[in-house]
Amino acid sequence: MAEVTLHGVHKSYGELSVIKGVDLHVRDHEFMVFVGPSGCGKSTLLRMIAGLEEITDGELRIGGQVVNDLPPAQRGIAMVFQSYALYPHMTVYENMAFGLQLAKYPRDEIDRRVRNAGRILQIEHLLDRKPKALSGGQRQRVAIGRAIVREPKVFLFDEPLSNLDAALRIATRVEIANLHRDLKATLIYVTHDQVEAMTLADRIVVLNGGVIEQVGAPLELYHHPRNLFVAGFIGSPRMNFVEATVSGTGEAGVTVVLREVGTEITVPCAPGGVRPGDPVTFGIRPEHLAEDGTGAARIGGEVQVVERLGSETFLYVRMANGELLVVKAAGASRARPGDRISVGVLADDGFVFDGDGLALPAGPGRAPRELGTTRHEEMRGRPGPLLS
Amino acid sequence: MSSLHSVPTTAAAAPTRSRGGARRKGLRRGVWPVLVLFLPPAFLLFTIFVVLPIGEAAWYSLYDWSGYGAPEVFVGLRNYELLFRNPVFLTALKNNLLIIAVSALVQLPLALWLATLVSHRIPGVVAFRLVFFLPYVLADVAAGLIWRFVYDGDYGLLPALASLVGMTAPYVLADRDLAIYAVLAVVVWKYFGFHMMLFIAGLQAIDREIYEAAEIDGASRLQRFRRITLPLLAPTIRLSVFFSVIGSLQLFDMIMPLTAGGPSNSSQTMVTFLYSFGITRMKIGFGSAVGVVLFCICVTFAFFYRRGVMRHD
Amino acid sequence: MTDAAQPLGTPASRRPARRRGPRRDGLLTLYLYGAMILVACIVLVPLLTTALGGFKTLGELRTNPFGLPQEWIWSNYWDILTTERYWRMLGNSLVISSLTAFLTLAAGSMAAFTFAHLRFFGSGALLNYFLLGLMFPAATAVLPLFIRIRDLGLLDTYLGVVLPQVAFGLGMSILLFRNFFRNVPKDLLDAALVDGCGYVRYFWHITLPLSRPILATVGIVSFVNSWNNYILPLILLNTETKYPWPLGMMIYRGEFSTDWHLVLAFVTLTILPTIIVFFAAQKHIVAGLTAGAVKG
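Residue numbers (the numbering used here), protein chains in the order written: chain A, 1 to 388; chain B, 389 to 701; chain C, 702 to 997.
Just so you know, these hints were derived from the structure itself, not from any lab.
Careful, some of the hints might be misleading.
Where chain C lies over chain B, by a calculated footprint (3+ residues, C-beta under 8 Å) [stated by the list, open to error]:
{"hint": "1", "stretch": "428 to 436"}
{"hint": "2", "stretch": "531 to 540"}
{"hint": "3", "stretch": "640 to 653"}
Note that the Cβ used here is the ideal one computed from N, Cα and C, for glycine as well.
Construct all of the structure, not just a fragment, from the sequences and the given hints.
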């Protein structure tokens, strides 16, 4: 079993605390993505799992065994670095073979593994080249190859796509997903790009300021963000937040009035601890606002900027409180800057966050959402054709 | 999955919660062997042949000692007193200052001027740069000996050159007033190329677009040099001055073939003084006092120059 | 070396159809070449007349100081080349300089490696301890050094000259190595640790192969410094058969003080290896010596 379990893990540099108590269970064969803004501690956490950073306090288990005190090479992990970290003076073959040579594997076993990895990654023709003679995408493959040949229990990826250009990033993203399916290994992947996280992960860990904000499947985070931070971080463009005041609670949910805007909206969620008069934050994603005004409520404003992407259009609407509301409209939208429009709010998809920034739980009036199965569940039990 | 578990795993009974030292040791395995293996050679060499001798110099300087047996005749600070009363040492000190002044006022502008010349992209500049740098790679002794010939009263080039224009040149190295200037000329001859290379490197680090922007702003060639090149080159200039000072304080090799400090000790520097009055006469105590003074000057200068002038470089 | 900077504006060749006419550029070129040729003459005339003087008789040296020899006296050179002392002297220098360079590289790179990659108690203080060596010349400690070498029984041995030379070069070499090692991407060390590579093997398998430029720089600086060193061998060696060339040259000059033509031939021959190597490897030497200074 290659589960990774973190229990009360802390990391501090002297007085500065960067990881403030993380409890996490990464399941066998799971594709787990750590995501968060820069400086949130996601890379540090990964490096602690790798053994490159000491664990100040807490316990780390890989495959059931406590590995706090084991050096990286003995933890059964392999890592793909953001900069690829290929040894510049070694050929592709030597790069991949280096770790195995150090572990004193027999020569023919090393050769078999390296050639196999080369075949999987389609870099067989590059084995004699030095990293300098490779393109960015090819280097990326070699870095992954170097991890594969170790046949680790856990793969660790540290922002592996951030040095690739946009087109290559998408192509490689697909390949990594395929690779994970074929290797059937546990994979922990760090990125700051929430799109990458959403598309790749079985589950996502959202980190902020050294603590876990939420763990869940991608759509779970999208539909049920636990707090303001996760709500703002997952989804692109980000969710609109408007200061509001609770005007009433009832069977249908919580009714709020947007401050300085006046619009009254009823969101189907349980009131929890909020009472009428409490200040809250109302959150609504751009895709849940309608340019044509359909919906349970309306927010008026003036169009400031129109971003036309062809397939869709984003309108930046100045509300009465002076702030901008981002509205996702159809690609054929005719809105122009200066237009006064009335934006419809699909209140069922809105969120109310209490004074502490926590989302109010979905109430009885809220329709259950279709979450779908995760990729992890789909692939379970299916044999991988490669590397078996 | 279990077939993939071939990466070696050990220490199954690792302690659940070890702290501090034990943990550090476990993770950073191999740190101590590296320290024990890698540091001692340099540390021992440096301590035995650089640091201890400096300390011993301070100690010996309090004795009157010929170097045999143990130093026994304790004289306190008398060696220093003798030193600062010694007119030759004062001449040496003055000469060192003179060398520093000439380095800063003649050699540095010359090097900077040449650096701007050979930074033009015209055919042959690379060859000229090499030629200008050539004296720097020659040993000081060789340069000194060559110029001894140039200055020679009977066979030298300088008298021959003078007679070509109908003058008689004095034998400059035998002239008490001129000898040190003759030495200075050789110092500049040998070292300007090095400083030129520093400036070339400094000039290359300046973004050419800055010049283009200045040209668009209407700055003339001279204005561009004064308002852009010089300020941006300031760190290099400070570095160049630093090398000039440290280099001139230890000037020795070149003086030996040229004048050996003469005539009548008029061209001594601190190190030639140390050699002629300390080493050749085996006055270890007195010579050590010279070394200590030189050391103090060097370290004080280096410390304050780096902390003060080169603070931001 | 070819990518020259342009401190005074864009060069003539890249400036088509501008207010400055060709006459103006012509004047500039004339000024540039005139100045450069003048300085080159000041540099080269002493060197060339020295080499030519070695082909002349003593008498001709006086009557014809600048011109080519009327009669080329090859024997001046030939007699030196066929003596053992010339070759022995160069051989001594080669042994001392090679040993100095090798030990400086080894001790300096290893110490710098610990400063670049390991944080241990007192590492900062220890680094500053070594950097102290950058601040003063060997001459300051030359008397106690003499006593020490004598007491160690190393007086008049190659090693007695080599070890102090290495020690005094360590400050610079540790600084250069450390700065270089720190610029090697940190991920490389991490990747190697994940690969199961310890620090010693990382140093040997990764750091050193990647450090060829800095090894060359430090090697060149320490070799040239040792090759040209005069004061330490002067004080620490007494047997003429062990003298390196700067000392040997001074001895020769002392013996033949009035025979300038022989001295000139001898000087020419002794600096010839330096000049040949300089022009053969000029790129590395210029870069090494200036980089060594700037980065230090």
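(message) Which constraints among the numbered hints does this structure fail? Numbers only, ascending.
(response) none
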